[in-house]
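S.K.: This is what each chain is made of:
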Amino acid sequence: MTPILEARGLTKRYGKTQALAGLDLTASPGRVVALLGPNGAGKTTFVRAVATLLRPDAGTLHVDGIDALRKPASVRQVIGLAGQFAAVEEAMTGRENLEMVGRLFGLSRKQAKAAAVRVLGQMQLTDDADRLVRTYSGGMRRRIDLGVSLVGTPRLLLLDEPSTGLDPVSRLRLWDAIRSLVLTGTDILLTTQYLDEADRLASDIVIIDHGTVIASGTPTELKTRAGDDMIEVHVRDTDQLPAVSGMLATIGHDPRVDVPQRRACVAVDDGSSRLMDTLRVLDGQGITVEDISLRRPTLDEVFLALTGKPAQATDDSPEQPVGA
Amino acid sequence: MTGASVLAPSPGIPRAGVNTGAGLWSSSITVAGRMVRKFARTPQLIVFTAIQSAVFLLMFRFAFGGAISTRGHLSYVNFLVPGFIVTNILWGGMGTAVGVAEDVEHGFVDRLRSLPIPRAAVLIGRGLADVALMTWALAIAAGLGFAVGFRPGGSAAGVLAAFGLCMVFGLAFEWVFIAGGLVAGSAQAAQSIIGLAVTPLVFLSSAYVPVQSMPSGVRQFGELQPITPMADAVRSLFTGADGRALVDHSTSYYVGLSLLWAAAIFVVFGFLAVLRFARR
Numbered sequence: 000m001t002p003i004l005e006a007r008g009l010t011k012r013y014g015k016t017q018a019l020a021g022l023d024l025t026a027s028p029g030r031v032v033a034l035l036g037p038n039g040a041g042k043t044t045f046v047r048a049v050a051t052l053l054r055p056d057a058g059t060l061h062v063d064g065i066d067a068l069r070k071p072a073s074v075r076q077v078i079g080l081a082g083q084f085a086a087v088e089e090a091m092t093g094r095e096n097l098e099m100v101g102r103l104f105g106l107s108r109k110q111a112k113a114a115a116v117r118v119l120g121q122m123q124l125t126d127d128a129d130r131l132v133r134t135y136s137g138g139m140r141r142r143i144d145l146g147v148s149l150v151g152t153p154r155l156l157l158l159d160e161p162s163t164g165l166d167p168v169s170r171l172r173l174w175d176a177i178r179s180l181v182l183t184g185t186d187i188l189l190t191t192q193y194l195d196e197a198d199r200l201a202s203d204i205v206i207i208d209h210g211t212v213i214a215s216g217t218p219t220e221l222k223t224r225a226g227d228d229m230i231e232v233h234v235r236d237t238d239q240l241p242a243v244s245g246m247l248a249t250i251g252h253d254p255r256v257d258v259p260q261r262r263a264c265v266a267v268d269d270g271s272s273r274l275m276d277t278l279r280v281l282d283g284q285g286i287t288v289e290d291i292s293l294r295r296p297t298l299d300e301v302f303l304a305l306t307g308k309p310a311q312a313t314d315d316s317p318e319q320p321v322g323a
Numbered sequence: 000m001t002g003a004s005v006l007a008p009s010p011g012i013p014r015a016g017v018n019t020g021a022g023l024w025s026s027s028i029t030v031a032g033r034m035v036r037k038f039a040r041t042p043q044l045i046v047f048t049a050i051q052s053a054v055f056l057l058m059f060r061f062a063f064g065g066a067i068s069t070r071g072h073l074s075y076v077n078f079l080v081p082g083f084i085v086t087n088i089l090w091g092g093m094g095t096a097v098g099v100a101e102d103v104e105h106g107f108v109d110r111l112r113s114l115p116i117p118r119a120a121v122l123i124g125r126g127l128a129d130v131a132l133m134t135w136a137l138a139i140a141a142g143l144g145f146a147v148g149f150r151p152g153g154s155a156a157g158v159l160a161a162f163g164l165c166m167v168f169g170l171a172f173e174w175v176f177i178a179g180g181l182v183a184g185s186a187q188a189a190q191s192i193i194g195l196a197v198t199p200l201v202f203l204s205s206a207y208v209p210v211q212s213m214p215s216g217v218r219q220f221g222e223l224q225p226i227t228p229m230a231d232a233v234r235s236l237f238t239g240a241d242g243r244a245l246v247d248h249s250t251s252y253y254v255g256l257s258l259l260w261a262a263a264i265f266v267v268f269g270f271l272a273v274l275r276f277a278r279r
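Sequence lines, in order, name chains A and B.
Position 187 of the first sequence, counting from 1, maps to 186 under numbering that gives the first Met the number 0, and the rest follow consecutively.
Position 185 of the second sequence, counting from 1, maps to 184 under numbering that gives the first Met the number 0, and the rest follow consecutively.
There may be inaccurate statements among the hints.
[Said to hold, decoys possible] In silico SDA-like pairs for lysine to any residue, Cα to Cα no more than 20 Å straight-line:
1. A/112 / B/119
2. A/112 / B/16
3. A/112 / B/276
4. A/109 / B/276
5. A/109 / B/17
6. A/109 / B/32
7. A/70 / B/119
8. A/112 / A/39
9. A/70 / B/32
[What the hints assert, rightly or not] Listed next, the stretches of chain A that the computed footprint assigns to chain B, with coverage defined by at least 3 CB atoms under 8 Å from CB atoms of chain B:
10. 49 to 59
11. 72 to 79
12. 96 to 102
13. 114 to 121
[Stated by the list, open to error] Estimated spans, in silico, between C-beta atoms of each pair:
14. B/156 / A/56: 53 to 61 Å
15. A/175 / B/39: 32 to 40 Å
16. B/24 / A/123: 34 to 42 Å
17. A/108 / B/270: 30 to 38 Å
18. B/63 / A/107: 52 to 60 Å
19. A/130 / B/44: 56 to 64 Å
20. B/16 / A/123: 19 to 27 Å
21. B/266 / A/175: 50 to 58 Å
Since the hints were derived computationally from the structure, they do not count as laboratory data.
No residue lacks a Cβ here, since even glycine has one placed at the ideal position from N, Cα and C.
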């Protein structure tokens, strides 16, 4: 089966910034692939290269078997793009926006009308179809923007940070809409800084940093890689955290302490037997444990383990509680 | 396996088709349709630009006009209004630059560039829409001029030719504003860049004041730059003998010179805009 996306050694440099540094990525049809990485990792640059909006300096790039560097016009026939901003005309209604782009995708007037009705249903915007986009909420704008890229039923849909700036309810609705697309034969490449988004939405996660892929696999595979299990200890009194942390350092590697949450956690190899050891030692030291748990690592912890820095390194992204 | 992820295909999934995309003409019309609708549905755009023009005209006609001598038989209102109509194109062009920059800033240009349409359609569509909007703006400017007392003394053919010439200038300057908007990348930057470029061109020309009254240096700049022959050409066509008496050369000289300017501006800035637009 032809990969929907195949990148080999992609590089792109802007002045002193190496946005892509030999990026390799292959994605099979029928999957949702999430590109996960901090700001400046090269996610948007890669999406723009796939969308034929920029030309890589070196490397090869095939979209659905089409050479994106030699035949960008053919690539545009099989892709849809929803960028970081809602690129819709505010002075037109939702329906008009969809019909306009449908016409540009090459549909007849009648087909464009039918496609608009289909997409409005898909995006749950039928009731608001004939209002000007200017009056839409942020979540509705995002959905109409996503919808606009779907009127042509692309084989590969590119979503650059689709849920940025959305409230939790709008986010869930958008996720539902995205998930339902795969069933209609549209593959998805999305970028995100949100680990839970990648975890919930994607069948495959590709973690990139400094313009290269540092890890890839299913969410479960990636969690396994970061260490088998996590032991997490909640204490009643924060004064006891240093002692707990010191103890955890003896059974695992590099424990982390979260003072406001009154807890400490560490990655371990042999989870269940280590859990017993931990309990015994803590009890012997007279530390009052409120709660102790053995769990799979979160993607946040995976990212930390793989890159040596937290995924949410930028100050403009919302705080993700450790182990959330 | 650190670089690539070879993923298992999910069987039984339907495949979406290929979008052939719209042709050049059809996509240009679609893009133009969006521009016209946007304009028609944004009353601020229509009303405020008209009010701005009116305030401008009233100030020159009634507040400054008394101090400005045209050194001839031509009354100041008949001197001013042809210049006002020409420069109205330039002030209106700021809206184009800001609109283009907003489209770049908000990803609209990227979306259009990612669609299976000829990329030229995006620019041609805007051009087509702006012809319609320019006709509207010219009608408003002429109406305002008439309202403050402008009475063209030229022949009907001359008046028509004057409007035609304004359209030609508009289409040429269009590309300055499109290129400016593409380069600026944000609405605010576009406003500043174009404002900075347009202001000296407009005021240091024969549009509102005869250049002969300016000190040398400024006067030389005024005589060399494109707005002066454009204003002189349009004024000569509108006002006939009285307007021609103010300038050294024949009407056809100014029409020819201003058309040369328009052609040069069209070629240079059109090329820049296309180059910038196609860059990736």
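S.K.: Hints first: check each against the structure and report whether it holds.
M.R.: Quick rundown of the hints versus the structure:
The suggested pairing of residue 112 of chain A with residue 119 of chain B is violated, with an alpha-carbon distance near 25 Å, which exceeds 20 Å. A hinted pair counts as satisfied when its Cα atoms are at most 20 Å apart, and residue 112 of chain A with residue 16 of chain B qualifies at roughly 18 Å. Between the alpha carbons of residue 112 of chain A and residue 276 of chain B the distance comes to roughly 30 Å, so the proposed pair goes past 20 Å and is violated. With a CA separation close to 31 Å, the supplied pair residue 109 of chain A and residue 276 of chain B exceeds the 20 Å bound.
Only pairs whose Cα atoms come within 20 Å are accepted, and residue 109 of chain A paired with residue 17 of chain B is accepted, the gap being roughly 18 Å. Of the supplied pair hints, the one linking residue 109 of chain A and residue 32 of chain B holds, its CA atoms being roughly 17 Å apart against a limit of 20 Å. At roughly 17 Å between alpha-carbon atoms, residue 70 of chain A and residue 119 of chain B fall within 20 Å of each other, so this suggested pair holds. At roughly 39 Å between alpha-carbon atoms, residue 112 of chain A and residue 39 of chain A are farther apart than 20 Å, so this suggested pair is violated.
For the hint pairing residue 70 of chain A with residue 32 of chain B, the CA-to-CA distance comes to about 29 Å; that exceeds 20 Å, so the pair is violated. With 5 residues bearing a CB less than 8 Å from a CB of chain B, the region 49 to 59 of chain A meets the requirement of three and the coverage assertion stands. Under the rule that three or more residues need a Cβ within less than 8 Å of chain B, the assignment of the region 72 to 79 of chain A holds, with 6 such residues. Coverage of the region 96 to 102 of chain A by chain B holds. Counting CB-CB distances below 8 Å, 3 residues qualify, and the rule asks for three or more.
Only residues whose C-beta sits within less than 8 Å of a C-beta in chain B count toward coverage, and the region 114 to 121 of chain A has 0 of them, not enough to reach three; the restraint is violated. For the pair residue 156 of chain B and residue 56 of chain A, the supplied restraint of 53 to 61 Å holds, since their beta-carbon distance comes to about 58 Å. Roughly 36 Å separates the CB atoms of residue 175 of chain A and residue 39 of chain B, a value that falls within the hinted 32 to 40 Å. Between residue 24 of chain B and residue 123 of chain A the beta carbons are some 35 Å apart, a value that agrees with the proposed interval 34 to 42 Å.
For residue 108 of chain A paired with residue 270 of chain B, a C-beta distance near 35 Å keeps the hint of 30 to 38 Å intact. As the Cβ distance of residue 63 of chain B to residue 107 of chain A is approximately 57 Å, the hint placing it in 52 to 60 Å holds. Taking the beta carbon of each, residue 130 of chain A and residue 44 of chain B are about 20 Å apart, not inside 56 to 64 Å as hinted. A beta carbon spacing of about 24 Å between residue 16 of chain B and residue 123 of chain A agrees with the range 19 to 27 Å that was offered as a hint.
In this structure the hint that residue 266 of chain B and residue 175 of chain A lie 50 to 58 Å apart at CB holds, the actual value being about 52 Å.
The structure is inconsistent with the numbered hints 1, 3, 4, 8, 9, 13, 19, although it conforms to all the rest.
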